[in-house]
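Novice: Sequence:
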Amino acid sequence: MKRREWTRGMAGALTLSLLLTACSGGEEAPGDNGGDETGAGEKTTITIAVTEKDPIGWLDQAEQAYEALHPDTDVVIEEYIATPKEGDQMAFSLEGNRNPADLEKYRAAINTELMSGAGADVIAVRDLDVDRYVEKGLFADLGERMAESGLLAEEDYFINVFDAAKTDGKPFVLPVQFSIKAITTGMDAAAQAGDDANWSWRELLDAGKALVDQAPGENLAVMAGIDPLTLLTSIVQAEYGTYIDETGKQVYFDSEPFRELLTTIRTMFETGTVSEPYDALIEGRDVFRADTLYSASQLVETMQSGRQLLRMPGDGAEEGVVFASNMVFALNEKSQVKPEAWDFLLFLLSEEMQANPAMFMSFPLNKAALEHQLENAILAPAQGKKESDGAFGGTSAMEKAALSQDQKEEIFRLASQPGRFYNSDPRLMQMMQEEAAPYFAGEKTAEAVTKAMQSRAQTYLNE
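Just so you know, the sequence shown maps onto residues -22 to -1, 1 to 441 in mature numbering (1 follows the signal peptide of the UniProt record, and there is no 0).
Keep in mind the hints are simulated off the structure, nothing from the lab.
Glycine included, C-beta positions come from ideal geometry on N, C-alpha and C.
Do not take every clue at face value.
Claimed, not checked - Pairwise CB distance ranges (calculated):
| id | residue 1 | residue 2 | range |
| --- | --- | --- | --- |
| 1 | I137 | D384 | 20 to 28 angstroms |
| 2 | G121 | L47 | 23 to 31 angstroms |
| 3 | E196 | L47 | 24 to 32 angstroms |
| 4 | F338 | A46 | 19 to 27 angstroms |
| 5 | E254 | A336 | 30 to 38 angstroms |
| 6 | N89 | T249 | 39 to 47 angstroms |
| 7 | G420 | E388 | 41 to 49 angstroms |
| 8 | T242 | L47 | 51 to 59 angstroms |
| 9 | K429 | E254 | 38 to 46 angstroms |
| 10 | A336 | K429 | 17 to 25 angstroms |
| 11 | E353 | E248 | 46 to 54 angstroms |
| 12 | T220 | Q192 | 25 to 33 angstroms |
| 13 | A46 | T249 | 57 to 65 angstroms |
As the list claims (entries may be wrong) - Restricting the straight-line Cα-Cα distance to at most 25 angstroms, the calculated cross-link-like pairs of lysine-lysine (DSS-like) are:
| id | residue 1 | residue 2 |
| --- | --- | --- |
| 14 | K114 | K144 |
| 15 | K21 | K148 |
| 16 | K144 | K345 |
| 17 | K114 | K312 |
| 18 | K148 | K227 |
| 19 | K312 | K21 |
| 20 | K316 | K144 |
Sequences and hints are given; from them, build the entire structure.
Specialist: Have a look at this one:
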């Protein structure tokens, strides 16, 4: 079975953060049981388990709106990790990078609850190994409910994103928003790299180095603002089957090809061909950027900047756009209120919630909601509001070109393409990063770290 890596931020992408005023109020402790069907006159409770609430408040607003429409229903959002707060403000990174210990805490709690036949009715799964729970029959197959609802039609939704999230052709999880991962370049690098439909990371790095070598006096970098562990993770995610055989429960970290990969990455950083500082990125001296386009507005900005969009490299076998999502849900097979929980999930996909302003930093699954976002994107430059330059440069709203109909159609075309989510186990990726870090720091040899990595990963797969 394929595992999906729902979201992993790239250090090479422009890190966006929001400081939002935190809402006051007490926090609810996670419960042990799913929702209850109660007696006459009592409310039906639907429980939603999340790693942490989205600080923008979209899920809280959905809870309130749904309860207003269904006064006999109580939606309870169980937050397992408190959202980081600074004073009276709340910090939020769009890349979703959290403390590994906190993520392990969430995984352990959810695993204990599900394995005991309890757990919330709806479970956020972006940090979980979905396939393990699917294999044990703990997540409900949503296919029949999707067909029966008749609401998730292709003319209304980006069905291709739902399809990309399937496990062995069946929908066990439901993304309610998405982003698009892409390589962007402001140089004539596409011709050097060749066809990006099925290119590899090796081809990207070689093409970038060729351009760097052709202009020795311009101090170019193949990539910038990216650290070795992030680059390693990106390559392994793209070439997952080369290093991890899930069917045979084998990993190949303790191998010459993987050690060569580690050596290549460290050499590129040591020579400055790829750089961790953002200088080359800020000054536009980087050939390629690995960007996560979180929203339509960010994609519009990229298109208007003149940067060319290329597909993420892969292993040559899987093609298409690479999607990511910060909000993916599964339905607990043991839930006592599956119809009600499913109805709440459908409400999250309604135009009302998908067009909610709090969805502004994500692509909505609802096409009408995306249309609304793009209409706003078209109007924004024409209003002549002066915007300050961003941390990475930019132009004022008055200087930006209005979004053309062709660009609008191109955005819909891109969002409608067949694609995939990275099929990597988040725990294996975490183990790989932890063991590889001493090598990139010059503290251990490639031989030592790959043997340690192999041992941990193999033990985990055999559990």
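Novice: Could you see if the CB distance from T220 to Q192 stays within 25 to 33 angstroms?
Specialist: holds, 30 angstroms
Novice: Hey, K144 versus K345, does the alpha-carbon distance stay inside 25 angstroms?
Specialist: holds, 20 angstroms
Novice: Is 20 to 28 angstroms respected by the C-beta to C-beta distance linking I137 and D384?
Specialist: Distance hint for I137, D384 holds at roughly 24 angstroms.
Novice: Between A46 and T249, does the beta-carbon spacing fit 57 to 65 angstroms?
Specialist: Between A46 and T249, where Cβ atoms are some 60 angstroms apart, the hint holds.
Novice: Could you tell me whether the CB distance from T242 to L47 stays inside 51 to 59 angstroms?
Specialist: Between T242 and L47, where Cβ atoms are some 55 angstroms apart, the hint holds.
Novice: Take a look at whether the Cβ-Cβ distance between K429 and E254 falls inside 38 to 46 angstroms.
Specialist: violated, 26 angstroms
Novice: Below or equal to 25 angstroms on CA atoms is what counts here, so check K312 against K21.
Specialist: Holds - the C-alpha atoms of K21 and K312 are around 19 angstroms apart, at most 25 angstroms.
Novice: Does 19 to 27 angstroms hold as the CB distance between F338 and A46, or does it fail?
Specialist: The hint (19 to 27 angstroms, Cβ to Cβ) holds, given that F338 and A46 are roughly 22 angstroms apart.
Novice: For the pair supplied as a hint, K148 and K227, is the alpha-carbon distance within the 25 angstroms limit?
Specialist: Holds: K148 and K227 sit about 22 angstroms apart, inside 25 angstroms.
Novice: Between the alpha carbons of K114 and K144, is the straight-line distance 25 angstroms or under?
Specialist: holds, 16 angstroms
Novice: Just to be sure I understand the hint, the distance between the Cβ atoms of E196 and L47 should be within 24 to 32 angstroms; is that true here?
Specialist: violated, 59 angstroms
Novice: Need the status of pair K316, K144: alpha-carbon distance at most 25 angstroms?
Specialist: Given that 25 angstroms is the threshold and the Cα spacing comes to 20 angstroms, the pair holds.
In the structure shown, a violation is registered for the earlier hints numbered 3, 9, 10, 15, in ascending order.
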